[in-house]
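Construct the entire structure; sequences and hints are all you get.
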Amino acid sequence: MISRFSAEIATATATAGLGLAAVVGSLEYGVGWGSAGPEPGTFPFYIGLLVMAASVATLGETVVGRAALQTVLVDRVQAKRVVTFFGPMVLFVVFSLFLGLYVASALYLTFVMWLQGGYRFAISATAGLAAAVFFYFVLEMGFQVPLLKGPLEAALGLY
Amino acid sequence: MENFAPLMHGFGVALTTYHVALMIVGVLLGILVGVLPGLGAPNGVSLLLPLTFTMDPVSAIILLSSMYWGALFGGSTTSILFNIPGEPSSAATTFDGYPMAKQGKAAEALTLAFLSAGFGALVGVILITVLSGWVANFALRFSSPEYFAVYFLAFASFVGLGAASPFKTVVSMGLGFAFAAVGMDTISGGLRLTYGFNELLSGISFLIAVIGLFGIGELLVTMEEGLRFDGVRARVTPRDVIRTIATMPRYWIALLRSSIIGCWMGITPGGPTAASFMSYAFAKRLSRRKDHFGQGEPEGVVAPETADHAAGSSAILPMIALGVPGSATAAVMMGGLMIWGLNPGPMLFIERPDFVWGLIASMYLGNIVAVLVVLTTIPIFASILRIPFAIIGPVIVVVCFIGAYTVAGRPFDLWLALAFGVAGYVFKKLDYPIAPLVLAMVLGDKAEDAFRQSMIMSKGSLSIFWSNGLVGTLITLGMLLALWPVLASAAARLLRTKSSSAAA
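Protein chains in written order, with the numbering used here: chain B, 1 to 159; chain R, 160 to 663.
Hint data in this document are derived by calculation from the structure and do not stem from the laboratory.
Bear in mind the structure is a predicted one, so any value in this text is a computation, not a measurement.
Treat the hints with care, since some could be wrong.
[Said to hold, decoys possible] Under the rule of at most 27 Å between Cα atoms (straight-line distance), these lysine-lysine pairs were calculated in the BS3-like manner: (1) Lys261/R x Lys449/R; (2) Lys588/R x Lys80/B; (3) Lys261/R x Lys443/R; (4) Lys80/B x Lys587/R.
[Stated by the list, open to error] Non-contacting residues of chain R with respect to chain B, defined by C-beta distances greater than 12 Å in every case (computed): (5) Glu305; (6) Thr406; (7) Gly628; (8) Arg655.
By construction, the Cβ of each residue, glycine as well, lies at the ideal position given by its N, Cα and C atoms.
In C-alpha cells:
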C-alpha cells in the first residue's frame, strides 16, 4: 500500500522542510556577530542548514538505492490496524481539551473496549470509569498533581 | 581508595527505610514498564519525572534510577517468555532465551538472565565508584571549548558508530537541537523561533518528545503488527535459583568480556542496545559451542544480559561526572537533574556530594533489590501480558497523555505528544535513530552555550577548538568519528581498486 521508497522521500522532504523552517525562523534574530558574541539566531541557523543538507543527502541515498526500496512498508491490513488505533487516540485528545482528561479517559477506554475489544458495554463502562477514578485518586490526592479538568468536574465542585 | 569514605557516607544516605521503600516501588514500576510493550525505560522515567518535582532530589533520583534497573529486568523477562523484547536493549536476549524457555528451561533462562544482569550492573557500578571522582577532577579543568568538544565527541560517535545511516542520524540530531532552540535563548534571555505562537514561548519539553517518540510511536508500531502474546509459563523456585547459581562460574569468561563491552558502550554513547548485540556477536564467534547459539545456548543469554546492564549502569558515569549522558534514559534523568536545580558535571561532586554518593550507593542497593524483587514477582508480571491488548494498549495511551499533561500542565502538549508519536512511528519504520534526537534536546542549550561562550572567548575564531592539546584532541577525534562512514567507504573503495588492478 505504501512503498518504502515513497515513505523515505516524504520523510526526507518533511525533515528538509523543518530544517528550512529553522533557518528562516532564525534569520529574524540575527545570524551574525553581535555586540555580545554570536547573535541568538546563529546556532539554530547553522543547525537548520545541517538538517537540510543531511535531508538532501538522505533523498540522494534514497534515489540512488531506489531499486532496493520498492518494498511494501505498510500493507493494507497493517494500515487498517494503525488507523483504527490512531483515530480514537486523536478523538481522545480532542475530547480531553473540551471535557478534561478524566472524562475523556473514561469515554475513550469505554468505547475502545466496547467497540474494538468486543467487550459488553456494561463491563467496558465500568472499566473506563474505574480507571478514571483511579487516576484521580493517585494524581490529585497521592501526588497533588492537577490534571486538565472540564465542565463535569466544575459541576461536581472538584478542582 | 580515596572514594571509599564518601561511598560509605552515600550508603548512609541510601540505606534509610524510606529510600529502600522507594527502590522497591521504583523497581516494581520499572518491571511494569519494561514488561509492557510501548512503555520502555526512557518513557517510563519521563512519565514518572513530573511526579518527583516536589520530592527531594536524592529521593527522586533513587526512585528514577531504580525504575531504570527494573525496566531493564522487565525487558529481559518478556524476551525470554514471549519472544518479544520489552526493551530494545533486550532484543538480543530473545535469540537464545526464548528457545531455552520453549525447551522447558524457562526458569533456568530467567535466573541466568537476572543473575548475569546483576553481575553486569555491579561491574558498571564499581567502575563508576572507582572512576567518577577521577573523571570529575579531570573535568574541573574544563572550560567552554572543552565542554563543547566533549558534546561534539558524543554526537560524532552517534554518527560514526551508529548502525543507522549517518545522514539519518544527523537529521535526527539536528532536529533535536532545533527543537531545543525554540523558546527562551539562555544567553540573551530573548525569545526565538516561536513563529508567533504563544504556545511555543516556553519551548518544547524533551519529556513530551520522549513520551511521543518512544511511547506513542512504539505503540503504533506494536499495534501494526497485531501482536498476540503466546508466552511460556514459568515459575522460578528457590531450587532453580541455587542450581543456576552453581552453573554461573562456568561462564566467567563471557561474564567478564560482556561486562567490559557493556561498560565501554555505556560510557561512550553507544548505549545498551548496541552493547548487547555486540556482546552476543562476540560470544557467538568465540564460543566453542558456536552451533548451539540460537537454539537455546545459556551463554547466549548470559552475554547480552551482562552487557546490557553493564552499559545501562555505566551510562550514569558520564552523566554525573561530565554532564553528557550515555543513553536515552540517562539523558532523561539528566534533564530531571537540571529541572531539580542541579547542574550535572564535575561541580556536582563538590556542591552536592550527598547527592552523587547517595546515587552511587543506591545503585549497588537498587540492583540487589531489583534482582530479589524480579526473581520473586516474575509470575505476576508475566501474567499481565495475558490481558488482551485491546485493554492494555488504550490504557498505555491514556497514561502517556496524562504524563504529557503533567509535565507543564499545558493542553498544547497533548497535541505535541501526538505529533511526536507520529514522528516516532515514521522514524521507527524508516530506521531513523531516536536516541540522538533526545540527547540533542537535553543537551541543546548547554552545547549552544558552550559554543557561544567559546566564540566570545576567541572573538569569533574557530581556532580556539585547537588552542590546547586537550580540546584539540577531543575535537579532532570527534571529526574523525563523524567522518568515519565516509572515510571507511573511501578506504574500502581504494582497497578494492587496488586489488582489482592487481588482479588485472
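Quick rundown of the hints versus the structure:
A distance of roughly 20 Å separates the Cα atoms of Lys261/R and Lys449/R; the hinted pair therefore holds under the 27 Å criterion. Under the criterion of a C-alpha separation no larger than 27 Å, the hint pairing Lys588/R with Lys80/B is consistent with the structure, at around 16 Å. Taking the CA atoms of Lys261/R and Lys443/R, the gap is about 21 Å. The hint holds against a cut of 27 Å. About 18 Å separates the Cα atoms of Lys80/B and Lys587/R, which keeps this hinted pair within 27 Å; it holds.
The Cβ of Glu305/R lies farther than 12 Å from every Cβ of chain B, with a closest approach of about 18 Å, so its non-interface assignment holds. The claim that Thr406/R is not at the interface with chain B holds, since no C-beta of that chain comes within 12 Å of its own (minimum 42 Å). Under the 12 Å C-beta cut-off, the non-interface status given to Gly628/R relative to chain B holds; the minimum distance is some 25 Å. Listed as outside the interface, Arg655/R is consistent with that label: its C-beta sits roughly 18 Å from the nearest C-beta of chain B, beyond the 12 Å cut-off.
The structure shown violates none of the earlier numbered hints.
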